[in-house]
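Engineer: Here's the letter readout for the chains.
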Amino acid sequence: KNEVEQSPQNLTAQEGEFITINCSYSVGISALHWLQQHPGGGIVSLFMLSSGKKKHGRLIATINIQEKHSSLHITASHPRDSAVYICAGMNYGGSQGNLIFGKGTKLSVKP
Amino acid sequence: DSGVTQTPKHLITATGQRVTLRCSPRSGDLSVYWYQQSLDQGLQFLIQYYNGEERAKGNILERFSAQQFPDLHSELNLSSLELGDSALYFCASSFPGTSGGRKTGELFFGEGSRLTVL
Numbered sequence: 001k002n003e004v005e006q007s008p009q010n011l012t013a014q015e016g017e018f019i020t021i022n023c024s025y026s027v028g029i030s031a032l033h034w035l036q037q038h039p040g041g042g043i044v045s046l047f048m049l050s051s052g053k054k055k056h057g058r059l060i061a062t063i064n065i066q067e068k069h070s071s072l073h074i075t076a077s078h079p080r081d082s083a084v085y086i087c088a089g090m091n092y093g094g095s096q097g098n099l100i101f102g103k104g105t106k107l108s109v110k111p
Numbered sequence: 001d002s003g004v005t006q007t008p009k010h011l012i013t014a015t016g017q018r019v020t021l022r023c024s025p026r027s028g029d030l031s032v033y034w035y036q037q038s039l040d041q042g043l044q045f046l047i048q049y050y051n052g053e054e055r056a057k058g059n060i061l062e063r064f065s066a067q068q069f070p071d072l073h074s075e076l077n078l079s080s081l082e083l084g085d086s087a088l089y090f091c092a093s094s095f096p097g098t099s100g101g102r103k104t105g106e107l108f109f110g111e112g113s114r115l116t117v118l
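Here the protein sequences line up with chains L and X, keeping their order.
FYI, this note's numbering numbers position 93 of the first sequence as 93, with every residue one higher than the one before it.
FYI, this note's numbering numbers position 88 of the second sequence as 88, with every residue one higher than the one before it.
Since the hints were derived computationally from the structure, they do not count as laboratory data.
Heads up, a few of these hints could be off.
Simulated coverage check for chain L against chain X, where a stretch passes if three residues somewhere in it have a Cβ under 8 Å from a Cβ of chain X [what the hints assert, rightly or not]:
hint, stretch
1, 41-52
2, 99-106
Short derived list, chain X residues pointing at chain L, Cβ under 10 Å [said to hold, decoys possible]:
hint, residue
3, Ser2
4, Thr5
5, Ser31
6, Tyr33
7, Gln44
8, Tyr50
9, Arg55
10, Ser86
11, Phe90
12, Leu107
13, Gly110
14, Gly112
15, Arg114
For every residue, glycine included, the Cβ atom is placed at its ideal position computed from N, Cα and C.
Using the sequences and the hints given, assemble the complete structure.
Structural biologist: What follows is the structure, given as structure tokens:
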């Protein structure tokens, strides 16, 4: 069993739909990253959060440390949101980039 | 553009060979992290350097080594290559603390180096 689990593995949505990707972890972490990887392979950091909620444009990330669960929401989805979304936990006492990664959720948004 | 530069973008080599991947971090970032992304294992943290010193080790094989130079660029050396080493290798950089609007923990990734071992 992976220490960081994501669901679903694959997600297809119609443009405009509200999307939720979930991340659960079984290890103690001090913070969690949400990353976006486009088909070309490049990775972009979307959020790093250790509590509560963060919002950037149409993206919202929440985390519940006690329940060891985080969600990434995309409102009014668009085909350009099609990518792989990866959550990654930062170990206690570890540095920012010392991460345990989930397997990723492949999102496809159809026009 | 993240500001992190990785070279080469693509590399094809044979088993048993040795290659060096290079990473130039964002200007002013002191930490460099290396990651491996393979089809079967996904993304894995390999190693971190901070201001020239090794700071943390992850799932890095003994055949692999890294270093960070005084100008803060970093190199990942992969030797005695095996078919299973074929993967995307990413580096990322970060800046500790906050200064000039930079946030602690914000990671910036390079575009990756795709290694194919034949």
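Engineer: Are 3 or more residues of the stretch 41-52 of chain L near chain X, judged by a Cβ distance of less than 8 Å?
Structural biologist: holds (count 6)
Engineer: The hint names Gly112 (chain X) as touching chain L; please verify it with the least Cβ-Cβ distance against 10 Å.
Structural biologist: Gly112 (chain X) check passes; min Cβ-Cβ to chain L is 5 Å, inside 10 Å.
Engineer: Restraint: Ser31 (chain X) near chain L, CB-CB cut 10 Å. Satisfied or not?
Structural biologist: The hint holds - Ser31 (chain X) has a Cβ within 10 Å of chain L, the shortest such distance being about 7 Å.
Engineer: Verify the interface restraint on Arg55 (chain X): the C-beta must sit less than 10 Å from at least one C-beta of chain L.
Structural biologist: holds (6 Å)
Engineer: Is the interface hint for Thr5 (chain X) satisfied, with its Cβ closer than 10 Å to some Cβ of chain L?
Structural biologist: For Thr5 (chain X), the interface hint is violated, since the closest Cβ of chain L sits about 12 Å away, which is over 10 Å.
Engineer: Hint validation: Phe90 (chain X) versus chain L, beta carbon distance must be below 10 Å. Holds or violated?
Structural biologist: holds (6 Å)
Engineer: Are Ser2 (chain X) and chain L close enough, Cβ to Cβ, to be under 10 Å, as the hint says?
Structural biologist: holds (7 Å)
Engineer: Can the stretch 99-106 of chain L be counted as covered by chain X under the rule of three residues or more with Cβ-Cβ separation shorter than 8 Å?
Structural biologist: Coverage by chain X holds here, the residue count being 6 at a Cβ distance below 8 Å.
Engineer: Answer holds if the nearest beta-carbon of chain L is closer than 10 Å to that of Leu107 (chain X); otherwise answer violated.
Structural biologist: holds (5 Å)
Engineer: Using 10 Å as the Cβ threshold, decide whether Arg114 (chain X) counts as touching chain L.
Structural biologist: With Cβ-Cβ at 7 Å, under 10 Å, it holds.
Engineer: Taking 10 Å as the limit, does the beta-carbon of Gly110 (chain X) come near enough to a beta-carbon in chain L?
Structural biologist: At about 8 Å, which falls below the 10 Å cut-off, the nearest Cβ of chain L leaves the hint on Gly110 (chain X) intact, so it holds.
Engineer: Quick check on the hint: Tyr50 (chain X) CB to chain L CB, less than 10 Å?
Structural biologist: OK, holds: Tyr50 (chain X) within 10 Å of chain L, min 7 Å.
Checked against the numbered hints given earlier, the structure breaks hints 4, 10 and satisfies all the rest.
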